[in-house]
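**Student:** Protein sequence lines correspond, in order, to chains A and B. Residue numbers 1 to 148, in full-length UniProt numbering, belong to the letters of the first sequence in order. Residue numbers 1 to 144, in full-length UniProt numbering, belong to the letters of the second sequence in order.
Don't read these hints as lab results, they were simulated from the structure. From the three backbone atoms N, C-alpha and C, an ideal C-beta is built for every residue, glycine too. Do not rely on the hints blindly, as some may be mistaken.
What the hints assert, rightly or not - Simulated coverage check for chain B against chain A, where a stretch passes if three residues somewhere in it have a Cβ under 8 angstroms from a Cβ of chain A:
1) 27-41
2) 45-53
3) 63-69
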Amino acid sequence: MTVNPELQGRVFPPVAPYLVGREKVREFSRAVFATSPINLDPEAARAAGYADVVAPPTFAVVVQEATLAQLLAEPDAGIDFTRVVHGDQRFTFSRPIVAGDELTATLSVASVKSLGGHSMVTAVSTIVDAAGAHVVTATSTLVVRGDE
Amino acid sequence: MTIIATPRLADLTVGDVIAEGTFPLTRDSLVHYAGASGDFNPIHYRDDVAVSVGLPGVLAHGMLTMGFVVQPVVDWAGDPGRIVDYQVRFTRPVLVPAAGVAVVTVVAKVGAIDTDAGVARIDLTVSSGEVTVLGKAQARVRLV
Chain A
1 MTVNPELQGR VFPPVAPYLV GREKVREFSR AVFATSPINL DPEAARAAGY ADVVAPPTFA
61 VVVQEATLAQ LLAEPDAGID FTRVVHGDQR FTFSRPIVAG DELTATLSVA SVKSLGGHSM
121 VTAVSTIVDA AGAHVVTATS TLVVRGDE
Chain B
1 MTIIATPRLA DLTVGDVIAE GTFPLTRDSL VHYAGASGDF NPIHYRDDVA VSVGLPGVLA
61 HGMLTMGFVV QPVVDWAGDP GRIVDYQVRF TRPVLVPAAG VAVVTVVAKV GAIDTDAGVA
121 RIDLTVSSGE VTVLGKAQAR VRLV
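Same shape as in the complex, but just chain A (with noise of 0.2 angstroms):
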């Protein structure tokens, strides 16, 4: 089984809306270590200037998730999940994710490539706020292993 190369440029429809919930953010916080107040405590997050606790950079893979699930998912993409390697990761932010927001995730396919009887998937997703804001766009690059 080979990826589809017809998947690149492909757009997928939005996810269902995730609402970042402040006890979620703080377990989050905690499991990657952090120790910022801000990413802890309501109060020093408004002290901050932050409507509540803010979500450590990485927690925009949970909001991610989805639309890797759906790409992973797409009839047609030929990516066998159990061939995947996490290749690279990137999260570019117009803001940080803050407790209370509202979020809404697009996928794109940004290239797909062949290498060495592998192929690279990069996968682009687009979030926003309720508003229709940009908050941060999640690149990952995932690495399907070719047939050994």
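Assemble the complex: chain A is given as a structure, and chain B must be docked to it using the hints.
**Tutor:** Showing chain B alone in chain A's frame:
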């Protein structure tokens, strides 16, 4: 006594070490991250499953490693909202034993300074044992 304020771009020099960190990872850390992130791939907590797919053992989620190695930079910047861009390449897995710890270390250096944009690029060197586990790990930090 000096109050430590937000670092200023003008005070930085390329090559300066601005933060370091040492993180002892246990299986508990992986289970905690699985729950917090929703990534329940069993290669991150079950040895039998990890071995069955050709891995030497249970490994840390790449996104967990990416998530904690930036924290010394966040603490240096004083506000997680100052991280405007963050990228890594996953080059080698971090194996976490069933008992004991896998220690991951990070050294964060100033890689580039863009005065016009008001952004410092901080380059992270991330190792476990003697091995580098992330490549091109860079956080861009908004400063004045």
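**Student:** Next, verify each hint and record whether it holds.
**Tutor:** Hint-by-hint comparison with the structure:
1. Against chain A, the stretch 27-41 of chain B contributes 8 residues with a C-beta closer than 8 angstroms to a partner C-beta. That satisfies the three-residue criterion, and the hint holds.
2. Proximity of the stretch 45-53 of chain B to chain A, defined as three or more residues with a beta carbon under 8 angstroms from a beta carbon of that chain, is not established by the 1 residues found.
3. Check on the stretch 63-69 of chain B: 5 of its residues sit with their Cβ under 8 angstroms from a Cβ of chain A, so the three-residue criterion for coverage holds.
When the structure is compared with the earlier hints, a violation turns up for hint 2 alone.
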